[in-house]
Amino acid sequence: MLPRILICGNIQFAVAELKEMFEGCAEIVQMISPDRSHFLSSFATGGPYERTIGIYRRNVSAAAIGNFDESLINALAETTSVRWIAQNGSGYDQIDVQACKAKGIFVSNTPTVNADATAHAALYLMLSCLRHFSMAERSLRAGTWKSVISSSDTHDSTGRTLGILGLGSIGLRLAHFAHAFPMRVVYHSHRPVAAAPPWCEYVESVEVLCREADVLSVHIPLNAETIGLIGEREIRMLKKGSILVNTARGRIVDEQAMIEALEDGHLSAVGLDTYPDEPHVNPKLLGFRQCALLPHVGGESAESEKARELRALGNLHAMVQGRMGNDVVPELRSCLEQPSGSLPRI
Amino acid sequence: MLPKVMICGSPRWAHDEINELFSGIAEVIVDDAPHRTEFFARFELGGPYEGTVGIYRRNISAARIGIYDRALIAGLPSSVKWIAHNGAGYDAVDATDVSRTVGIRVSNTPGAVDDATATTGFYLVMSCFRHFSWAERSLRAGTWKNPISSALTHDLTGHTIGILGLGGIGLRLAHLVHAFPMRVLYYSRNRNPEAPEWCEYVGSMDELCERSDVLSIHVPLREDTRNLVGETQIRKMKRGSIIVNTARGKVLDEEAVIRALEDGHLSSVGLDVFPNEPSVNPRLLEFPQNALLPHMGTETQDSQHHMEVRALTNLKDFLREGKGTDLVPEMRSKL
Numbered sequence: 001m002l003p004r005i006l007i008c009g010n011i012q013f014a015v016a017e018l019k020e021m022f023e024g025c026a027e028i029v030q031m032i033s034p035d036r037s038h039f040l041s042s043f044a045t046g047g048p049y050e051r052t053i054g055i056y057r058r059n060v061s062a063a064a065i066g067n068f069d070e071s072l073i074n075a076l077a078e079t080t081s082v083r084w085i086a087q088n089g090s091g092y093d094q095i096d097v098q099a100c101k102a103k104g105i106f107v108s109n110t111p112t113v114n115a116d117a118t119a120h121a122a123l124y125l126m127l128s129c130l131r132h133f134s135m136a137e138r139s140l141r142a143g144t145w146k147s148v149i150s151s152s153d154t155h156d157s158t159g160r161t162l163g164i165l166g167l168g169s170i171g172l173r174l175a176h177f178a179h180a181f182p183m184r185v186v187y188h189s190h191r192p193v194a195a196a197p198p199w200c201e202y203v204e205s206v207e208v209l210c211r212e213a214d215v216l217s218v219h220i221p222l223n224a225e226t227i228g229l230i231g232e233r234e235i236r237m238l239k240k241g242s243i244l245v246n247t248a249r250g251r252i253v254d255e256q257a258m259i260e261a262l263e264d265g266h267l268s269a270v271g272l273d274t275y276p277d278e279p280h281v282n283p284k285l286l287g288f289r290q291c292a293l294l295p296h297v298g299g300e301s302a303e304s305e306k307a308r309e310l311r312a313l314g315n316l317h318a319m320v321q322g323r324m325g326n327d328v329v330p331e332l333r334s335c336l337e338q339p340s341g342s343l344p345r346i
Numbered sequence: 001m002l003p004k005v006m007i008c009g010s011p012r013w014a015h016d017e018i019n020e021l022f023s024g025i026a027e028v029i030v031d032d033a034p035h036r037t038e039f040f041a042r043f044e045l046g047g048p049y050e051g052t053v054g055i056y057r058r059n060i061s062a063a064r065i066g067i068y069d070r071a072l073i074a075g076l077p078s079s080v081k082w083i084a085h086n087g088a089g090y091d092a093v094d095a096t097d098v099s100r101t102v103g104i105r106v107s108n109t110p111g112a113v114d115d116a117t118a119t120t121g122f123y124l125v126m127s128c129f130r131h132f133s134w135a136e137r138s139l140r141a142g143t144w145k146n147p148i149s150s151a152l153t154h155d156l157t158g159h160t161i162g163i164l165g166l167g168g169i170g171l172r173l174a175h176l177v178h179a180f181p182m183r184v185l186y187y188s189r190n191r192n193p194e195a196p197e198w199c200e201y202v203g204s205m206d207e208l209c210e211r212s213d214v215l216s217i218h219v220p221l222r223e224d225t226r227n228l229v230g231e232t233q234i235r236k237m238k239r240g241s242i243i244v245n246t247a248r249g250k251v252l253d254e255e256a257v258i259r260a261l262e263d264g265h266l267s268s269v270g271l272d273v274f275p276n277e278p279s280v281n282p283r284l285l286e287f288p289q290n291a292l293l294p295h296m297g298t299e300t301q302d303s304q305h306h307m308e309v310r311a312l313t314n315l316k317d318f319l320r321e322g323k324g325t326d327l328v329p330e331m332r333s334k335l
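As they're listed, the protein sequences go chains A and B.
Residue numbering for the first sequence follows this note's numbering, starting at 1 and increasing by one per position.
Residue numbering for the second sequence follows this note's numbering, starting at 1 and increasing by one per position.
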């Protein structure tokens, strides 16, 4: 009998490819559970998810079954044959990867394929903050033309400095877009990036990055080390009037510190696509008219959606064929060398 | 006695430059006539504006004395020989036969507006492709991203932009979108020798419309460009296309645009200009996916300052050398 791949969420764009990819090597099953208890009990013999060896996961599934926290991971490890979780998305903070590591379950994400879409969103937010475009649009629709706009508060991008925190695939794309003006581009990552062009200046620390940037854009993953990484101290190191853009994860920035800095004008505006507790948005943010606030659509274009679906499915396809998927998350890469990281027999 | 130059619409930023540019060269007067009749009266013998040879003009003066149409130009005294308009678009200054007949020449401020205006066009393209304006309004209305369907939103990369008019602004926009890259096509009266090889010239407006996913307008408003993009051109575009206009509202046939939005032929429009600013046709607001800006193209201190200095410098060069660098194209000799 064929093993199964469980779709937690749904496949919208790569429907034909899904069928083609797994024809003859796995059955595709749709997750229909209204809650976690139904979910977990469905893997048993005779249940709708029996024989599942890999899960395609989208964050939207959390609404029904919660995040893939330690408790859920342990249950999967102990009572099912699931050995691969393919997250659709570059962010995978909703999966407890340490628990997966402990139990020998692999996790993959979809790095790079939404780099374009997300960098596009970051650029949009930056321009909106520099030029007060979002506020101007709202003023037009409210019938007040541009009476709210003061050109003494709006700026060109050219010649200003963009500070990129994390020069991964998204940060690098944004660097290229900014360079077209040109903006001066400085970045900080754990170490200098080999693929960075010569005009991308590496700086040694988050502190130096904050001091140099007119616009700081966040492009790092959310994990234990990065929660609140941009806090009161870092925000106050930015020049007065600076702009903060966050298309990564809300919790990387200390929201309270950010709001206080908007209140006293230390930050002139923020451009956000992510928030600590989505879809809830702190109403205080709405009070700052010059801010540009997107509802986590940064990675969501038709092209990016399809690319992410295909990429996630590709990891599962490799697993089904007895190979290793390409996108094992960094925390689990060390497992690739060890025998405990073995895959289920098909 | 020093020649007299008039500031018609005070600069916002270039105050020091006025002194630097005209000190010892001209007497600078400021026009604050409350209406056109009084404006003309002040040029009369013994009046404060008598003997003015050059005028620095900003659009804001139109609120008092109207635009520099044929009637105003014809009413200026023969001493006035140069109008230095602040703005790349100079449709508010009659630069045709009337000006020529009375011996007045007109300059504008090309170049100084390019960056800020191209950035505005870039923002509108980015917004329309991804329905970001709608998404922001949805968040502020408390509906998160519910109305947004990602299937209808697109990356710029790999799509085609058609630039109508590859002058300074169009070329700058080409460079900005090329970073994705977008494929860049353009149509102009003439090929642009400064265009990089990846800017593909197409031989007609029709072809530009047929092949572009987004059409961006960068031509001046003149008699021959009024409604240049109309029903025919819009229908030649692919279904689901986008139009962006940062040039002048009257270049684009607004009724044709609205029909095309209604039947979905155009998926959205990104506009910074309207036929009758600051009035905006309320029909345009009915389409939530539209990105509509209130003529923000040059609303930055940096750009406005550059534009002021550019216009004032044209006026100074006229005084010193008999002409400014930015004589408008219509008035250049055909040598």
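Each hint should be verified, as a subset may be incorrect.
[What the hints assert, rightly or not] Pairs of lysine-lysine, BS3-like flavour, derived with a Cα cap of 27 Å:
1) LYS250(B) - LYS4(B)
2) LYS323(B) - LYS81(B)
3) LYS145(B) - LYS306(A)
4) LYS284(A) - LYS240(A)
5) LYS239(A) - LYS306(A)
6) LYS238(B) - LYS284(A)
7) LYS306(A) - LYS238(B)
8) LYS238(B) - LYS250(B)
9) LYS146(A) - LYS323(B)
10) LYS284(A) - LYS146(A)
11) LYS146(A) - LYS240(A)
12) LYS145(B) - LYS250(B)
[Claimed, not checked] Where chain A lies over chain B, by a calculated footprint (3+ residues, C-beta under 8 Å):
13) 27–39
14) 69–78
15) 123–130
16) 173–179
17) 218–232
[Claimed, not checked] With the C-beta cut set under 10 Å, the calculated list includes, among others, these residues of chain A facing chain B:
18) ASP156
19) HIS176
20) ASP264
21) GLY314
The set of hints was computed from the structure by calculation and includes no laboratory data.
Cβ atoms here follow ideal geometry from the backbone N, Cα and C, with glycine treated the same way.
Results of checking the hints against the structure:
no.	hint	verdict
1	LYS250(B) - LYS4(B)	36 Å, violated
2	LYS323(B) - LYS81(B)	10 Å, holds
3	LYS145(B) - LYS306(A)	19 Å, holds
4	LYS284(A) - LYS240(A)	20 Å, holds
5	LYS239(A) - LYS306(A)	40 Å, violated
6	LYS238(B) - LYS284(A)	42 Å, violated
7	LYS306(A) - LYS238(B)	22 Å, holds
8	LYS238(B) - LYS250(B)	23 Å, holds
9	LYS146(A) - LYS323(B)	35 Å, violated
10	LYS284(A) - LYS146(A)	23 Å, holds
11	LYS146(A) - LYS240(A)	25 Å, holds
12	LYS145(B) - LYS250(B)	34 Å, violated
13	27–39	violated (count 0)
14	69–78	violated (count 0)
15	123–130	holds (count 5)
16	173–179	holds (count 4)
17	218–232	violated (count 0)
18	ASP156	5 Å, holds
19	HIS176	5 Å, holds
20	ASP264	22 Å, violated
21	GLY314	20 Å, violated
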